[in-house]
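Participant: Sequence:
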Amino acid sequence: MTDIDFMRRAIELASRAEAEGEVPIGALLCVGELVIESWNRKESQHDATAHAEMLAIAEASRRLGRWRLSDATLYVTKEPCVMCAGALIAARIGRVVYGASDPKGGADGGAFDILRSPKTNHRPEVRAGVLEAESSEQLVAFFRGRREGNREAPR
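Residue 150 in this note's numbering sits at position 150 of the sequence shown; the count goes up by one each step and never skips.
No lab work stands behind these hints: they were computed from the structure. Incorrect hints may appear among the rest.
Label-pair ranges, simulated between beta-carbon atoms [as the list claims (entries may be wrong)]:
{"#": "1", "residue 1": "E137", "residue 2": "G65", "range": "32 to 40 Å"}
{"#": "2", "residue 1": "M83", "residue 2": "R63", "range": "35 to 43 Å"}
{"#": "3", "residue 1": "A19", "residue 2": "R68", "range": "30 to 38 Å"}
{"#": "4", "residue 1": "D3", "residue 2": "R116", "range": "26 to 34 Å"}
{"#": "5", "residue 1": "R146", "residue 2": "T2", "range": "30 to 38 Å"}
{"#": "6", "residue 1": "V140", "residue 2": "L34", "range": "15 to 23 Å"}
{"#": "7", "residue 1": "D3", "residue 2": "E59", "range": "18 to 26 Å"}
{"#": "8", "residue 1": "R123", "residue 2": "R66", "range": "28 to 36 Å"}
{"#": "9", "residue 1": "K104", "residue 2": "G145", "range": "14 to 22 Å"}
Even glycine gets a Cβ: it sits at the ideal position worked out from N, Cα and C.
From just these sequences and the hints, can you work out the full model?
Facilitator: In structure tokens form, the structure reads like this:
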């Protein structure tokens, strides 16, 4: 499968998040044949750290019995935030592929530049903008619906 194939699946997972009342962000973490699928669950788990990336890293580490994931690629529909970027660095994720940029909170040059910072002890390879239009539109439509009152607001 290609980066585009994995990102298409991440977009499907983001739709699942939205169906569950979550912000539509989906992620896949691939380590060899192991593929962990995740999506945002902050609302359902009442946990500010339950971002798609964080959940995928935790599950992969649990299944593999190790925290160091330098052979992993993370696919996520939105530029990782500061918290997730820190976790990606701590887990030594080898590669990060994402769709939509996040100028207000992204940590790959959006609001911050943590993933590529020479000050960190690890810098993953990053590929930005894969299916960016689709990922962005999914988020824009979700928040437009919230503003227009078409959906229950997050708690």
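Participant: Checking each numbered hint in turn, tell me which of them this model violates, lowest number first.
Facilitator: Hints 2, 4, 6 and 8 not satisfied by this model.
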